[in-house]
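Colleague: Chains as they are written, first to last, in the numbering used here: chain S, 1434 to 1715; chain H, 1434 to 1715.
One or more of the hints may lead you astray.
Chain copies aren't distinguished; within one or between two, either way the pair holds.
[Unchecked claim] Computed cross-link-like contacts, DSBU-like style, restricted to lysine-lysine with a CA-CA straight-line distance of at most 30 Å:
| # | residue 1 | residue 2 |
| --- | --- | --- |
| 1 | K1443 | K1700 |
| 2 | K1649 | K1708 |
| 3 | K1516 | K1681 |
| 4 | K1516 | K1700 |
| 5 | K1700 | K1681 |
| 6 | K1443 | K1708 |
| 7 | K1443 | K1495 |
| 8 | K1649 | K1681 |
| 9 | K1681 | K1443 |
| 10 | K1707 | K1443 |
Read the hints as simulated data drawn from the structure, not as lab findings. No experiment lies behind these values; they were computed from the predicted model shown.
Number of protein chains: 2
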Amino acid sequence: MSTGMDEARKGEDFVRRVEELNQLRERMDRVKHKVAVMSGKGGVGKSLVTVNLAAALAAEGKRVGVLDADLHSPTVPRMLGLKGARLEAGENGIIAPVSPSGIKVASMDFLLPSQDSPVIWRGPLKMSAIRQLLSEVDWGDLDYLLIDLPPGTGDESLTVLQLLPGIDGVVIVTIPNEVSGQVVEKSITFARQMNAPVIGIVENMSYFVCPHCGEKTHLFGEGVGERVASTRGVPFLGSLPLDPEAAKTSDSGRPFVAENPESAAAKAFREIVKKIVDFVGD
Amino acid sequence: MSTGMDEARKGEDFVRRVEELNQLRERMDRVKHKVAVMSGKGGVGKSLVTVNLAAALAAEGKRVGVLDADLHSPTVPRMLGLKGARLEAGENGIIAPVSPSGIKVASMDFLLPSQDSPVIWRGPLKMSAIRQLLSEVDWGDLDYLLIDLPPGTGDESLTVLQLLPGIDGVVIVTIPNEVSGQVVEKSITFARQMNAPVIGIVENMSYFVCPHCGEKTHLFGEGVGERVASTRGVPFLGSLPLDPEAAKTSDSGRPFVAENPESAAAKAFREIVKKIVDFVGD
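Working from the sequences, and respecting the hints, build out all of it.
Modeller: Given below as structure tokens:
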């Protein structure tokens, strides 16, 4: 049972939600392709893949935006040279900072009071933060909106996939150990339950080439990404080496595909980008 | 405004919550030391540190339990050789499976229908799952209960730290790149806001020794853990190499401190354990 005042408030809430969803739809209609990058576990290089995918597409002249939906560990701004940037209000919504390579970026990091502030938020607040970043940022006309999901299959990932029914698909990043392979299976199941096509699996930190002797060592295991892809019937997009030089570019704010285009990592990455572009079409 | 029935239901809920909290207090009173292992980012080896800490303490004759509170990526059972184990009901509560080395383990993984099932849960459900594992598992008398928190500063970590006000402290695991160092700062702020003492920082994957030529390479960066520890005034507990042999033990179910006690990683790890034991006292 509820009072008349409750009813009135519920009505207002409902109207606001509908307006927000309409705005979201309008903004998303102007984005050609929406691709989410996810991982079962954290620390496998999901954000590294997102920013290098963004940089590779931008280098081909595409208009690219990145939504950093990893509220607990929003690392995309730093990786794209936008550390310390801020969101500003504009005529048509929130103005997203633009990276040196022309990528529009919206991240929770831009809203945090300081670099060492944690986001201690309960689920519903996190969902509303993501909804606002998606619907209120003035993304404009984009060829690609890449969404860096938080690791795992929690509230944030649910929210994004529910709000973007027209998503082209998800790229799943893993490293080649059994534990990570197991959680990749969970990610595939999750994506399928949400009706998001799985574009494929990227295996990161597959091997290490010693800079002293040139010998290759498998650091975590071998062939796990390819095996899971084949078992579950999803495409395998490729393997990336653990390259200390590429790791440095994460801290410097310049993605390695742009910084070291001739490195083995960048070459392997361009093959992966090609497969993703082929999957989503033009 | 609410009806009489609402009131009655609220009353029942309240009584149930109080009973649950009393049971939790009784169980936790029988645990000498409670230590949480957390990380700002995932994939830095938080679970590896948890299970090896558990194995090192068990090897010294301590009675050890591990609560795997990482609901989205519950990897502790596999790392302790308990993959596929199940929770069972006993006279005094849920009976936790015991690892070959005598460690009691409670994990969401034991409740999942299959290895590839994701936990797609909203915040409140996750909190109640953790509360139940803590309060309903028959931990018995323990010297140490280690809690493997999920990465970041979300619902699960909040819940555990709120339910365990008598926690001895938290160990924070990181890898040595700037991005991870930045999120470690968030973890320290979070722990302090929750009044949990910071036992110290463990830097994992600090370097790699090539098995072919013996040369050392820093894979991600250098000295980040030590620098953050010194800046924020928390102890630095030590560095661990990335050791492909240790990584294999994660998949085999036998922690490397027990499997390869003479390895550089195991030796470095024992130094870290000593500092943690010194911090929490006997």
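Colleague: Would you pick out the hints that fail for this structure and give their numbers low to high?
Modeller: When the structure is compared with the hints, numbers 1, 6, 7, 9, 10 turn out to be violated.
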